[in-house]
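J.: Sequence:
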Amino acid sequence: MAAPFAERLLAWFDREKRDLPWRRTTDPWAIWVSEVMLQQTRVEAVREPYSRFMRSFPTPAAFARATDDELLNAWRGLGYYRRARLLREGARQVVELHGGEVPSASDAFGRLSGVGEYTMGAVASIAFG
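Residue numbers (our numbering): 88 to 216.
Hints are supplied without guarantee of correctness; some may be wrong.
[As the list claims (entries may be wrong)] Cβ pair distances, simulated, as ranges:
(1) 185 x 94: 19 to 29 Å
(2) 111 x 185: 16 to 26 Å
(3) 163 x 94: 41 to 51 Å
(4) 155 x 92: 48 to 58 Å
(5) 192 x 98: 31 to 41 Å
(6) 216 x 156: 36 to 46 Å
(7) 96 x 143: 12 to 22 Å
(8) 92 x 130: 22 to 32 Å
(9) 90 x 155: 44 to 54 Å
FYI, nobody ran anything at the bench for these hints, they're computed from the structure. Computed from a prediction, not measured in an experiment: that's the story for all the values here. Backbone N, C-alpha and C define an ideal beta-carbon position, used for all residues, glycine too.
Given these sequences and hints, build the entire structure.
T.: Written as structure tokens, this is what we have:
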């Protein structure tokens, strides 16, 4: 019984899935950014800011260097600016503690600023399998 249900569910997803930019990557930074942006924010409201943000800050190191004005400009339209500040602090920790590479180990990633269990699990499952 489970196999036919799973097959139907996967077939439904293939037909109905939305093309979202963060689904086209396994880059842990890009996925982390999307997960933070999607917290308490509708998917449609995130599409454009996400693309703009990733063009400006394609790596944790790039965002770690962002000024407050750059941070606020990159996050405009999303609200909850505390998320952006925590993400920047986490990016700084990635640079300082992990040489600019988002750690693949859950315990190391989970110790970064602003990373909770849900974000940790989402990034780990999507980026690192």
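J.: It remains to establish, for every hint, whether it holds in the given structure.
T.: Evaluation of the provided hints:
The beta-carbon spacing between residue 185 and residue 94, approximately 40 Å, falls outside the hinted interval of 19 to 29 Å. Here the CB-CB span from residue 111 to residue 185 is close to 24 Å, well matched to the stated 16 to 26 Å. Taken as a hint, the range 41 to 51 Å holds for the pair residue 163 and residue 94, whose Cβ atoms sit roughly 43 Å apart. Checked against the given bound of 48 to 58 Å, the beta carbons of residue 155 and residue 92, roughly 49 Å apart, stay inside it.
Residue 192 and residue 98 have their C-beta atoms about 35 Å apart, which keeps the hinted 31 to 41 Å range intact. The supplied range of 36 to 46 Å is met by residue 216 and residue 156, whose beta-carbon atoms lie about 38 Å from each other. Range check, residue 96 to residue 143: Cβ separation about 37 Å, and the 12 to 22 Å hint is violated. Between residue 92 and residue 130 the beta carbons are some 25 Å apart, a value that agrees with the proposed interval 22 to 32 Å.
Between residue 90 and residue 155 the CB atoms are about 53 Å apart, so this pair conforms to the stated range of 44 to 54 Å.
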